Amino acid sequence: MMKTKKLIIVGASGFAEIAHEYFDADTEYEVVAYAVEEEFLKTDTLNGLPVVAFETMHQRFAPQEHSVFVAATYTQLNRLRARLAAASKEKGYALASYISPRAFIWRNVELGEHCFIFEDNTVQPFVKVGNNVVMWSGNHIGHHSKIKDNCFISSHVVISGFCDIGENSFLGVNCTIINNIEIAKDNWIGPAVTITHNTDVAAFFKPAKHEPASVNTYRFLRIKEE
16 MMKTKKLIIV
26 GASGFAEIAH
36 EYFDADTEYE
46 VVAYAVEEEF
56 LKTDTLNGLP
66 VVAFETMHQR
76 FAPQEHSVFV
86 AATYTQLNRL
96 RARLAAASKE
106 KGYALASYIS
116 PRAFIWRNVE
126 LGEHCFIFED
136 NTVQPFVKVG
146 NNVVMWSGNH
156 IGHHSKIKDN
166 CFISSHVVIS
176 GFCDIGENSF
186 LGVNCTIINN
196 IEIAKDNWIG
206 PAVTITHNTD
216 VAAFFKPAKH
226 EPASVNTYRF
236 LRIKEE
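The sequence shown begins at 16 in the working numbering and counts up by one.
Please keep in mind that the hints were generated in silico from the structure rather than gathered at the bench. Only a predicted model underlies this, so the values are computations on that prediction, with no experimental measurement involved. You can trust all of the hints, since none of them are fake.
20 Å max Cα-Cα, derived EDC-like pairs, lysine to aspartate or glutamate:
#1 Lys-18 with Asp-41
#2 Lys-20 with Glu-128
#3 Lys-57 with Glu-70
#4 Lys-163 with Glu-125
#5 Lys-143 with Glu-128
#6 Lys-104 with Glu-70
Make a model of the complete structure from these sequences and hints.
This is the structure in structure tokens:
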């Protein structure tokens, strides 16, 4: 794809490297640098590109000529990503989104700014997605549902129809939200948790704790121990 725009990735984590790879493969953005807050600046380069201080990046990379994507995950219930995105806008940068061409996004879905949607997501009709939302791979977002600002949806999450996911919430791998449920803001829903009722603000749902059986696999399957 022809590279017609320049992009700075804020962050130097694994997600930052993944974002670089996806923007490079699928979009018109050319990634030209990484930026981190000065107190976390530990190296000058990453993947052959400069790593600069976030506070002064505008001096080297003009906001009028560059966009920004903040590659932070769910740190502080997504507040780090939200804060750095807002600070980037204040510096005059446009915020970039990545929407995988291998995701299924129905034609009337409404998407906010600064979103990252991985491959194999299914987003059904009349869904509304707010700003600064990350959807890792393989989720199902049911019809007429709303995902509000600053959420992080990890992999293989099922959000059924007519659901409302509150701001800043985190939904863990393989969790399920049945239809017509309101998840309040600042919720943490752990892996494989099923939500069948509306939740309170800042609710924390721990995953079930699984203990090993009293017999091991050798005995259960009648295999001679090695």
